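Number of protein chains: 2
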Amino acid sequence: MRRKERGRYDRDTINAILDEALYCHVGFSVDGQPFVQPTIHARIGEQLYLHGAIANRMLKTLAGGVHVCVSVTLLDGLVLARSAFHHSMNYRSVMILGVAREVTALEEKRRAMTAVVEHVLAGRSAVARAPHVPELNATSVLALPITEASAKVRSGPPLDDEADYALSCWAGVLPLQIAALAPEPDPRLAPGIAVPRALSPWARRG
Amino acid sequence: MRRKERGRYDRDTINAILDEALYCHVGFSVDGQPFVQPTIHARIGEQLYLHGAIANRMLKTLAGGVHVCVSVTLLDGLVLARSAFHHSMNYRSVMILGVAREVTALEEKRRAMTAVVEHVLAGRSAVARAPHVPELNATSVLALPITEASAKVRSGPPLDDEADYALSCWAGVLPLQIAALAPEPDPRLAPGIAVPRALSPWARRG
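If you read the sequences in order, they're chains A and B.
The first sequence: position 83 = 84 (my numbering), numbered continuously.
The second sequence: position 161 = 162 (my numbering), numbered continuously.
Hints should not be assumed to be uniformly reliable.
One copy or any two copies: either way a pair holds, since identical chains are not told apart in the list.
[As the list claims (entries may be wrong)] Derived pair list, reagent style DMTMM-like, types lysine to aspartate or glutamate, alpha-carbon separation capped at 25 Å:
| id | residue 1 | residue 2 |
| --- | --- | --- |
| 1 | K61 | D13 |
| 2 | K61 | E119 |
| 3 | K61 | D32 |
| 4 | K61 | D11 |
| 5 | K153 | D32 |
| 6 | K61 | D165 |
| 7 | K61 | E185 |
Think of the hints as simulated: they come from the structure by calculation, not from any bench.
Keep in mind that this is a model prediction, so the values were computed, not measured.
Kindly generate the complete structure, drawing on both the sequences and the hints.
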């Protein structure tokens, strides 16, 4: 295989990408017009949960089953080839197709919202105030089974045409990752409350 | 306004977000099933260009005008509130709706591909080998007018319920940005070719 980009379908690869991605893009269609919106997601086992405004909008605009496509993308690097044509990016992405169902049971909503907070920052749900019932009632939640899912991964150096390897142009990969700056305390934070250990240093990848 | 998230529609805000985002998510619909795929984009004036496999797939699967939604999202930080319910993210996003046209003129294709390379790394098109005509012919390019476009921006600290400000939970923002690690030279790079100045240090924001 000359191309280093290919589909991967094993469940572990798919779950790892879904869990590392801080947010997803949800696609849905209204009268033939596609919409793509970013939102936070969380995975519990084989279910992907979406909540809040995005779920609300989809529930309002679509009657019955909500056909969606959820995509997450992790950018791993710029691939700088010797030719313009072979420039690329290293990435890991997942696409899930399916029909989302509205979550109405309070307990499942509670689990989903806890998972969303844990997804953003592991351990956070133990220190933040848990949702009140009116908050749960005010939150729309959708669940999407992770069954029709696929992953794509590109990694490694550029792949140039054989003749171009003689060019004197620098070629290689610039690895990229999400980095945190210093935590910014809420201006109304009471004095004496320490910054959580998970924030300094913070790393998305274990 | 209590919420710090709102729509913004001025052209400068929209263009700046499109230009900073390294990639976009393109949504299109086939027989009612939405698809969302990540791809590299580039802006020239009021046109957004998409190319390669994504354009190819859309051109193959859709007859006539290609209704698309292009979304880009820049993640600026985790918003850690005192309550699980008010956790959020700081971000800047743009959504463009419209009908993409296939670019067939060789000169426009050439300009679009140059713009894509410049979008990935400014100055790169001057050092990388320019596309040959067969490469241009082999590349599908779509152009989308940036007319029906909107931006959304959330910034600033968490917004908790008034009663929750008394909790002893740390609250604030963890600012995030894309960071580069050390460039990885292609294993086949000839000796004596220096790393481009734009890579060390690299920063996406000017």
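> For the identical chains here, do K153 and D32 meet the 25 Å Cα criterion within one copy, between copies, both, or neither?
Replying inline: Result: close only across copies, 23 Å inter versus 29 Å intra.
> When no copy is named, should K61 and D13 be tagged within, between, both, or neither for a Cα gap of at most 25 Å?
Replying inline: neither (34 Å within a copy, 31 Å between copies)
>> For K61 and D165, with the copy left unspecified, which applies at a CA distance of at most 25 Å: within, between, both, or neither?
In response: Neither, since 54 Å and 31 Å both go past 25 Å.
> From the Cα coordinates, with 25 Å as the cut-off, is the pair K61 and E119 best called within, between, both, or neither?
Replying inline: neither (27 Å within a copy, 41 Å between copies)
> Taking 25 Å as the upper bound on the Cα-Cα distance, should K61 and E185 be classified as within, between, both, or neither?
Replying inline: neither (36 Å within a copy, 48 Å between copies)
> When no copy is named, should K61 and D32 be tagged within, between, both, or neither for a Cα gap of at most 25 Å?
Replying inline: both (14 Å within a copy, 21 Å between copies)
>> Reference check for the pair K61 and D11, CA-CA at most 25 Å: within, between, both, or neither?
In response: neither (34 Å within a copy, 28 Å between copies)
Of the numbered hints given earlier, the model fails hints 1, 2, 4, 6 and 7; all others are met.
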